Structure formats: C-alpha cells, structure tokens
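K.L.:
All chains, please: the whole structure from these sequences, using the hints.
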Amino acid sequence: DGGITQSPKYLFRKEGQNVTLSCEQNLNHDAMYWYRQDPGQGLRLIYYSQIVNDFQKGDIAEGYSVSREKKESFPLTVTSAQKNPTAFYLCASSGLPGQFFGPGTRLTVL
Amino acid sequence: EDQVTQSPEALRLQEGESSSLNCSYTVSGLRGLFWYRQDPGKGPEFLFTLYSAGEEKEKERLKATLTKKESFLHITAPKPEDSATYLCAVLLSYNTDKLIFGTGTRLQVFP
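If you read the sequences in order, they're chains A and B.
If you number the first sequence the way the numbering used here does, the last residue is 137 and the count never jumps.
If you number the second sequence the way the numbering used here does, the last residue is 97 and the count never jumps.
Rather than coming from a laboratory, the hints here were simulated on the basis of the structure.
All values derive from a computational prediction rather than experimental measurement.
Take these hints with a grain of salt, some might be off.
Below, in silico cross-link-like pairs of lysine-lysine (DSS-like), each with a Cα-Cα straight-line distance of 30 Å or less [claimed, not checked]:
| id | chain 1 | residue 1 | chain 2 | residue 2 |
| --- | --- | --- | --- | --- |
| 1 | A | Lys84 | B | Lys28 |
| 2 | A | Lys36 | B | Lys28 |
| 3 | B | Lys65 | A | Lys84 |
| 4 | A | Lys97 | B | Lys55 |
| 5 | A | Lys97 | B | Lys28 |
| 6 | A | Lys110 | B | Lys28 |
| 7 | A | Lys41 | B | Lys28 |
| 8 | B | Lys84 | A | Lys110 |
| 9 | A | Lys36 | B | Lys55 |
| 10 | A | Lys84 | B | Lys49 |
| 11 | B | Lys55 | A | Lys98 |
| 12 | B | Lys65 | A | Lys36 |
P.N.:
This is how it looks when you write it as structure tokens:
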C-alpha cells in the first residue's frame, strides 16, 4: 500500500529544544517537500529536495534544517532558532499527476 | 508577485444545493493548477490537476475547470460528507518544484 507516513502525529517541544519530524514515502518519488500550515494562511514551503543528498530552501527555511540521505526519507529538524514553531507540518512527495501529502505532524511549543 | 486567491473563505450549503468555489491566480507562468480536499487535522487529499485553459476534470460530485485567470470547483448536489476545506495551488512554469497555495474555502454542507 503506497503512501507517505509522518511521525509522530503530535509533538510537544520545550523552549530551546531541537525536535525532528519524520517523513517516509514508498511511492518511489524523487522529489520531497516540507510545508508549514498556520490557521488562515496557505501552506508555506520550508524545504524541498529533488534528489538524494541535495535540497533547497523554500520561502521560510530560517530555523529549520533537513537531510536527504535516502530516497524514501526526508526528516525535518525544527531548531531552537525557529521563533514561532507551533504549527501543523506537512510532508509531500511529487509524482504524476501531482504532489501527494502525508497525514501531518502537529507541533506545539510548551 | 505570484499570488493565488480563493473565494469565498467559507460557504454553507444545504444538502443538494449546487455551488462553485473560485481560485484566481496572478502568476508569471502557469504549469499546472491543483485542487485538494483537506479534512480537519489531516493532510490534503489530491483531487485534480489541470494544465491548460479549457480543461475540465470530474470526480463524483466535483468538477474542476480552468481558464487563463481562474479555476472553478463546481459541486453538484453536495452531501454532508463533502464538508471540508478545499485548497487550490499553482505550479509555476519557471520553478517546476514550487506550489503556491491559496488559503482555502471551508465548505459546510447541512442535511
């Protein structure tokens, strides 16, 4: 059963902590993406990767980091430098006919 | 600046009452336009991709159309299970990997 998985579903972070969100896909897609969704705003692109060991910053990359060591995996780290990390984070991968999304991780800063 | 605008922000319909959602865009070059459905607390579910003006796609009670400046998502005889937020996004021609999203239309269908 092909798809995109994200874990955990809910994540709580204390001030000053780095946390890592997991994203795995078994769709054999080359391109993967991380978006952030806030109430009343459209999805905003954080980072994307078109191929293993390569990635590019999106519109709001500050305070985030990624890696792409395997085609199937694209983890996102939310660092302590991200001033307002509370949001819904969505991972996606791209293949015809479009971009497909995982179920999301809701991150809350305590 | 590339921009995608969806209207209305919210729409309440009686079951069976057909209507349309609008997605207008001002971009320097369009490669494709995507429609998604998103339920609360879940990731967007892919519905359609439209590539050129005049193109139409259908799925059950939904029909998407595209012109040079906007797209419509027509909902025919909606049911309560069609209640969701509908998102549109534009794929730019000069950047094959970047989608620009609208803020969505929140649809509620009452029995």
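K.L.:
Each of the hints needs a verdict: does it hold here or not?
P.N.:
Here is how each hint holds up against the structure:
1. With a C-alpha separation of about 25 Å, the suggested pair A/Lys84 and B/Lys28 falls inside the 30 Å cut-off, and the hint holds.
2. For the hint linking A/Lys36 to B/Lys28, the alpha-carbon distance of about 10 Å falls within 30 Å, and the restraint holds.
3. As the CA atoms of B/Lys65 and A/Lys84 are separated by approximately 41 Å, the hinted pair breaks the 30 Å bound.
4. For a cut-off of 30 Å, the pair hint linking A/Lys97 to B/Lys55 is broken: about 39 Å separates their Cα positions.
5. Simply put, A/Lys97 and B/Lys28 have alpha-carbon atoms about 25 Å apart, close enough for the 30 Å limit, and the pair holds.
6. Proximity of A/Lys110 to B/Lys28 is assessed by CA-CA distance (about 24 Å); at most 30 Å being required, the pair is judged to hold.
7. A distance of roughly 24 Å separates the Cα atoms of A/Lys41 and B/Lys28; the hinted pair therefore holds under the 30 Å criterion.
8. With a C-alpha separation of about 24 Å, the suggested pair B/Lys84 and A/Lys110 falls inside the 30 Å cut-off, and the hint holds.
9. Between A/Lys36 and B/Lys55 the alpha-carbon distance is near 37 Å, which puts this suggested pair outside the 30 Å criterion.
10. Proposed proximity of A/Lys84 and B/Lys49 is contradicted: the alpha carbons are some 34 Å apart, above 30 Å.
11. Taken as a hint, the B/Lys55 and A/Lys98 pair is broken in the structure, with Cα atoms around 36 Å apart against an allowance of 30 Å.
12. In summary, the hint linking B/Lys65 to A/Lys36 is supported, as the alpha carbons are separated by about 29 Å, within the 30 Å threshold.
The structure is inconsistent with the numbered hints 3, 4, 9, 10 and 11, although it conforms to all the rest.
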